[in-house]
Amino acid sequence: MTARKVGRVALIVLGSVIAIYFIVRAVVELFVVDFGDPSSYSDAWGGPSLAGVLAVHCGPGLISSVVMGYLLTRRARRSRRRQTPRTPR
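Residue 24 is where the sequence shown starts when you use the working numbering, and the numbers rise one by one after that.
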């Protein structure tokens, strides 16, 4: 394997791990925050408002899921194109 390919694989693995962390953190945050008790999130990053806390803690997860979904569908389309046999004209 060339150094360029090793670097690319390492970058994909690192990016995937970070994106999955953000997605899991966003889901967990929805269960950890007590929406009825402002004192549970007033000292958190993005506080004292609930919208700010959710934007800071769930925003990266939302962005990561959209980007990962786009990249995975793009990759699936490319691999499907490569697998279809070309017919001569």
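Calculated from the structure, these hints are not laboratory results.
Heads up, some of the hints might be wrong.
Just the calculated beta-carbon pair ranges, DEER-fashion [unchecked claim]: (1) R100 / F58: 38 to 48 Å; (2) G82 / S102: 23 to 33 Å; (3) A33 / V90: 10 to 20 Å; (4) G30 / V50: 25 to 35 Å; (5) V29 / A74: 38 to 48 Å; (6) I43 / S65: 25 to 35 Å; (7) M24 / Y93: 21 to 31 Å; (8) P61 / R31: 42 to 52 Å; (9) G30 / S72: 36 to 46 Å; (10) R31 / A74: 22 to 32 Å; (11) Y44 / G70: 19 to 29 Å; (12) V29 / R100: 45 to 55 Å; (13) R105 / F54: 25 to 35 Å.
Glycine included, C-beta positions come from ideal geometry on N, C-alpha and C.
To see whether the hints hold, each was checked on the structure:
no. : hint                   : in the structure
1   : R100 / F58: 38 to 48 Å : 39 Å, holds
2   : G82 / S102: 23 to 33 Å : 31 Å, holds
3   : A33 / V90: 10 to 20 Å  : 18 Å, holds
4   : G30 / V50: 25 to 35 Å  : 31 Å, holds
5   : V29 / A74: 38 to 48 Å  : 43 Å, holds
6   : I43 / S65: 25 to 35 Å  : 29 Å, holds
7   : M24 / Y93: 21 to 31 Å  : 27 Å, holds
8   : P61 / R31: 42 to 52 Å  : 46 Å, holds
9   : G30 / S72: 36 to 46 Å  : 42 Å, holds
10  : R31 / A74: 22 to 32 Å  : 38 Å, violated
11  : Y44 / G70: 19 to 29 Å  : 22 Å, holds
12  : V29 / R100: 45 to 55 Å : 26 Å, violated
13  : R105 / F54: 25 to 35 Å : 41 Å, violated
In this structure, the hints that do not hold are numbers 10, 12, 13, in rising order.
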